[in-house]
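Engineer: Take a look at the letters that make up each chain.
Number of protein chains: 2
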Amino acid sequence: MREVMLGFMGEFDLIETFFKRPARHATLGVGDDCALLAVSPGQHLAISSDMLVEGRHFLSTVNPRHLGHKALAVNLSDLAACGAKPKAFMLALSLPQVDPHWLSEFSQGLWALADAHDIDLIGGDTTRGPLNICITVLGEVPASQALLRSGAQVGDDIYVSGHLGDARLALEVFRGNMKVPAPVFESARWRMEQPTPRVALGMALRGIAHSAADISDGLLGDLGHILKASGVGAEIETQQVASTLACISSKEFHDQLDLASQLALTLSGGDDYELVFTAAPDQREAVAAASQTAQTRVTRIGYISAPHHLVLRDAKGHVMPHTFASFDHFKSA
Amino acid sequence: MREVMLGFMGEFDLIETFFKRPARHATLGVGDDCALLAVSPGQHLAISSDMLVEGRHFLSTVNPRHLGHKALAVNLSDLAACGAKPKAFMLALSLPQVDPHWLSEFSQGLWALADAHDIDLIGGDTTRGPLNICITVLGEVPASQALLRSGAQVGDDIYVSGHLGDARLALEVFRGNMKVPAPVFESARWRMEQPTPRVALGMALRGIAHSAADISDGLLGDLGHILKASGVGAEIETQQVASTLACISSKEFHDQLDLASQLALTLSGGDDYELVFTAAPDQREAVAAASQTAQTRVTRIGYISAPHHLVLRDAKGHVMPHTFASFDHFKSA
Numbered sequence: 085m086r087e088v089m090l091g092f093m094g095e096f097d098l099i100e101t102f103f104k105r106p107a108r109h110a111t112l113g114v115g116d117d118c119a120l121l122a123v124s125p126g127q128h129l130a131i132s133s134d135m136l137v138e139g140r141h142f143l144s145t146v147n148p149r150h151l152g153h154k155a156l157a158v159n160l161s162d163l164a165a166c167g168a169k170p171k172a173f174m175l176a177l178s179l180p181q182v183d184p185h186w187l188s189e190f191s192q193g194l195w196a197l198a199d200a201h202d203i204d205l206i207g208g209d210t211t212r213g214p215l216n217i218c219i220t221v222l223g224e225v226p227a228s229q230a231l232l233r234s235g236a237q238v239g240d241d242i243y244v245s246g247h248l249g250d251a252r253l254a255l256e257v258f259r260g261n262m263k264v265p266a267p268v269f270e271s272a273r274w275r276m277e278q279p280t281p282r283v284a285l286g287m288a289l290r291g292i293a294h295s296a297a298d299i300s301d302g303l304l305g306d307l308g309h310i311l312k313a314s315g316v317g318a319e320i321e322t323q324q325v326a327s328t329l330a331c332i333s334s335k336e337f338h339d340q341l342d343l344a345s346q347l348a349l350t351l352s353g354g355d356d357y358e359l360v361f362t363a364a365p366d367q368r369e370a371v372a373a374a375s376q377t378a379q380t381r382v383t384r385i386g387y388i389s390a391p392h393h394l395v396l397r398d399a400k401g402h403v404m405p406h407t408f409a410s411f412d413h414f415k416s417a
Numbered sequence: 085m086r087e088v089m090l091g092f093m094g095e096f097d098l099i100e101t102f103f104k105r106p107a108r109h110a111t112l113g114v115g116d117d118c119a120l121l122a123v124s125p126g127q128h129l130a131i132s133s134d135m136l137v138e139g140r141h142f143l144s145t146v147n148p149r150h151l152g153h154k155a156l157a158v159n160l161s162d163l164a165a166c167g168a169k170p171k172a173f174m175l176a177l178s179l180p181q182v183d184p185h186w187l188s189e190f191s192q193g194l195w196a197l198a199d200a201h202d203i204d205l206i207g208g209d210t211t212r213g214p215l216n217i218c219i220t221v222l223g224e225v226p227a228s229q230a231l232l233r234s235g236a237q238v239g240d241d242i243y244v245s246g247h248l249g250d251a252r253l254a255l256e257v258f259r260g261n262m263k264v265p266a267p268v269f270e271s272a273r274w275r276m277e278q279p280t281p282r283v284a285l286g287m288a289l290r291g292i293a294h295s296a297a298d299i300s301d302g303l304l305g306d307l308g309h310i311l312k313a314s315g316v317g318a319e320i321e322t323q324q325v326a327s328t329l330a331c332i333s334s335k336e337f338h339d340q341l342d343l344a345s346q347l348a349l350t351l352s353g354g355d356d357y358e359l360v361f362t363a364a365p366d367q368r369e370a371v372a373a374a375s376q377t378a379q380t381r382v383t384r385i386g387y388i389s390a391p392h393h394l395v396l397r398d399a400k401g402h403v404m405p406h407t408f409a410s411f412d413h414f415k416s417a
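These protein sequences, in sequence, are chains A and H.
For this note's numbering, add 84 to where a residue sits in the first sequence, where the first one is 1.
For this note's numbering, add 84 to where a residue sits in the second sequence, where the first one is 1.
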């Protein structure tokens, strides 16, 4: 951390005010050239970095408190996908100007989620420039129990956690492509701006799941990574996937959203920060118990097959065409 | 790492081409949700993040190969300041467009320095947005031997490594504020664009130095952090500091640069990526031996004093005024 940039910076002393707190777990916290971290015996360190850019990962109108939450949440979601327990994080921040209100709100969103996971901000960097938030999270996982993309086995059940598609629904409303009742929009917007990283579920699935990934860019894309890394294929029951869309639990709205839209949102929506994972059929009770422990819904959406491709089936078991591309940061607006 | 952003991205497959290599040391490399790293028994993990923004940390005209080197070098410099051995790094990159030539050059500069330190790129993120490079480095240091800012003791000698001020000289020439002969400029520009992180020196100073920091924002500012963290002051022999300016070794140029400019450049220049450290006077031979081992020049520039302020002295021992503010990213252009 180039702390001189904080200490000698006049108005940038504000940043120190918002982001410097005593570390509870690390040996050394914010302020030296490096942060020092003790890793527990028998544990591997799990590390992930995500960079969030305005206009691509969040809208300029976003509530900064929600942004602080989301910037950390998307990183914690990567730890969840490995079954790791979060331990600490680094924050690198480029800001066009120093806005105390913005910083206060942003940091409160960040701290609330950090506190919920009992993790420290141990270092980072601040500079002036176009708004950019780069967080690196550090976690621990027993060396032999990390959940990987490469462990899926033929015959495994495929599951997803929580709800898919609602975040994308909110984005499409923002873009003016869809219209939904106000309560549906508010709930979908919450899912977009305040995702819940499935850390407890990831940890509960250690020793149970054969493989896992987080769903950040759409189920089909992220499941595709498991299939590729494991050298297997999948059969997906699309009506099970569509059933994970939270907004259709609203009776009035249920009939307004056709099945094709439900499938596009849930199969390829992106920004879900749920887990997709696989486990052997004889682990169904164990998966249910993990779901219970983590207080997180899981839905079985299909199974792993030997042929190297992904097959979508409708409610009658008929094969459906693949017309749902993964959300692509470089093709979409 | 949101690998779907690489795998499904058409032209962004290029990024995978440039940044994906088999990891040599990590348990898992680029491609899963997290990278997994084994930390050696008895070692602490040392972590640092630096974010580089165009127009602030580098000029738009910079050779991308040099930029690749520098982006990693400034991070390794933080590890050096802690006496840590580099182990791995994460790269988060925001790019306005995918330019294969730029990516090829940037990655070659990055790999060359990574290879020199035998470290792996183990993960990260890529997105579209204003050019921003955020690197997080991970290193190891024995728990009790980390060099901290807080360890300086009254009576310690103060040393700096290598050369100070030349990088800032190059910047001032770029800005049109100074004129220097072409060979002087080329050598100063090399110092600005291709800093050498003092990793070997930092490791050699384990158990010898009481405190250390890297000089990224100017000697006075970074030494100031040691003084503040240690609750001590310092007496600085400014002519010793000025003597570290490499460009004045050029005979013709020596007489053209007045002492005030030499002092401004070396005391407050910034972008040096050298180490400032302190050690007890009875460690002078050990410091000389560490310098020899690391093949890195060190210069004694003063000593740690009890009063809580920093005193600058001229060649005759007279106290000089403090007119050299630290380089400030938010006040300078």
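Because the hints were derived from the structure by calculation, they are not lab data.
Please note that a few of the clues may not be correct.
Copies of one chain are not kept apart here, so a pair can be met inside one copy or by any two copies together.
In silico SDA-like links for lysine to any residue, alpha-carbon gap of 25 Å or less [stated by the list, open to error]:
(1) Lys312 / Phe103
(2) Lys104 / Ala313
(3) Lys104 / Val137
(4) Lys312 / His406
(5) Lys312 / Glu100
(6) Lys400 / Gln278
Everything numeric in this text was worked out from a predicted model, so none of it was measured.
Engineer: Now tell me, hint by hint, if it's right for this structure.
Structural biologist: Hint check:
no. : hint            : result
1   : Lys312 / Phe103 : between (40 Å within a copy, 19 Å between copies)
2   : Lys104 / Ala313 : between (40 Å within a copy, 15 Å between copies)
3   : Lys104 / Val137 : both (23 Å within a copy, 23 Å between copies)
4   : Lys312 / His406 : within (17 Å within a copy, 62 Å between copies)
5   : Lys312 / Glu100 : between (44 Å within a copy, 15 Å between copies)
6   : Lys400 / Gln278 : neither (35 Å within a copy, 63 Å between copies)
Violated hint: 6 only; the structure is consistent with all others.
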